[in-house]
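Now for the letters of each chain:
Protein chains: 2
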Amino acid sequence: MALHFTSEQRLDDVLERNFVLGEIPGTLWTPASAPAPLILLGHPPLGLHRMYPRLVARAQHAAADGFAAATIELPGSGDRPRWLAAQQVRADLHRARKAGEPVSDEIIDALTLPLVDKAVPEWQAALNALLSLPDIGGPVGYSGGVISIGIRLAAVEPRIVAACLFAGSFVPRAIFEEARQVTIPLHVLLQWDDEGNDRQAALDLFDAFGSKEKSLHANMGGHTGVPQFAGEGAARFFTRHLK
Amino acid sequence: MALHFTSEQRLDDVLERNFVLGEIPGTLWTPASAPAPLILLGHPPLGLHRMYPRLVARAQHAAADGFAAATIELPGSGDRPRWLAAQQVRADLHRARKAGEPVSDEIIDALTLPLVDKAVPEWQAALNALLSLPDIGGPVGYSGGVISIGIRLAAVEPRIVAACLFAGSFVPRAIFEEARQVTIPLHVLLQWDDEGNDRQAALDLFDAFGSKEKSLHANMGGHTGVPQFAGEGAARFFTRHLK
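In order, the protein sequences belong to chains A and B. Going by the working numbering, the first residue of the first sequence is number 1, and it counts up by one from there. Going by the working numbering, the first residue of the second sequence is number 1, and it counts up by one from there.
Okay, chain A solo, but in the shape it has when bound:
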């Protein structure tokens, strides 16, 4: 898939360029120093517009450490065509939660597996295009977002050499098995009191990763309460592994 830049602006020392990859919107942030290692910025399926303030803050931190950063829209999110099946499953999930029912394995699978199956090849296509740009070198790290996408990418994409994963969403049993195939260094963030996450499942997942170097960083607070110092720890993880 070809990558075409559609707009650009300078944010101090960082060049922000929007692009389309085929029909998929995305954004690339590059620091003054080039070629730079690349961090892929994962995000939840809420749309790039809504996620922009957090993404640009992460990209600016990455640039300050000498990294380029890039992200693409997830299938069914933002300006991409609606994905009715996914909307239906999300509605089922909200209904189950509101009713105080346990979230079934069927809902978790339906919510996550089709998204992973669609998104992962798109991120790999983005990687192909981005790594052919003169200002992007390697190596590549993956950070945050839907953890199941991060696990699959870490397991199947050899150009990703380190990943920072946020244990903040349900992980299907099938992806749990893929976690055993992951061998790259991992930095795993866990919010100890995440209301939407099963703590024991997150600890079991951390245990399952096949990586020899993996660290779990658990902090207090709910899903969106990751403290600033935890973000700094993740930044140092990438500096250790991508430089």
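Any given hint might turn out to be false.
[As the list claims (entries may be wrong)] Taking lysine-lysine pairs in the DSSO-like style, the calculated list, with each CA pair at most 30 Å apart, reads:
no.	chain 1	residue 1	chain 2	residue 2
1	B	118	B	98
2	B	243	B	212
3	B	98	A	212
4	B	212	B	118
5	B	212	A	98
6	A	212	A	118
Rather than coming from a laboratory, the hints here were simulated on the basis of the structure. Treat the numbers as computed from the prediction; the structure is a model and nothing was measured.
Chain A is already provided as a structure; the job is to place chain B on it using the hints.
Quick look at chain B alone, frame taken from chain A:
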């Protein structure tokens, strides 16, 4: 108890002074900048001589961050009078482990509670003496060593404002209850595959701490395999809370 210096030497920019506090040997390391905040260096009951290489390395890192560091010998260790009851319990523990038996609550209590009861007032006496020295300011942090001593100190000693604890040894049920009284910021290190430690008990202990700010940092490897980057994370924790 009065503190008397018995010897001193310079290690680059760090002044290392041995002292006796009453009959308890100890060491104080001070950086060039004074008065400095103080980090109390906990250690396992193996004797200060045997622990010296690791303690001086920790003290030099602390000094590089602008902290003084101090430690005292534990009851029954090193050059202090033998503590026959403690030796007996430790022999019981080794026997149980060699035989592959589970370590009973009775052994854990007998191993730990008398040590905590004796050691904590000694560390508080050391704090009294050290804080009256002109080159020691505040605030005070506590780092490492027997976690039950750290928990009791964090719970009862208001001059300690932050603690880095190593979840690496058995914690009696009574100390577990004291953990609920701890409210200072905590940085807890856990070696995921620590052969001498019960991982689930360590996770339950982390959950029990009453502190609003507490972070768990789990890394791969056994009891003595704490990676270097984990030590650096602990150092940044103290810089956040003691400066």
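Which of the listed hints are not met by the structure?
-> Going through the list in order, the structure violates no hint and respects every one.
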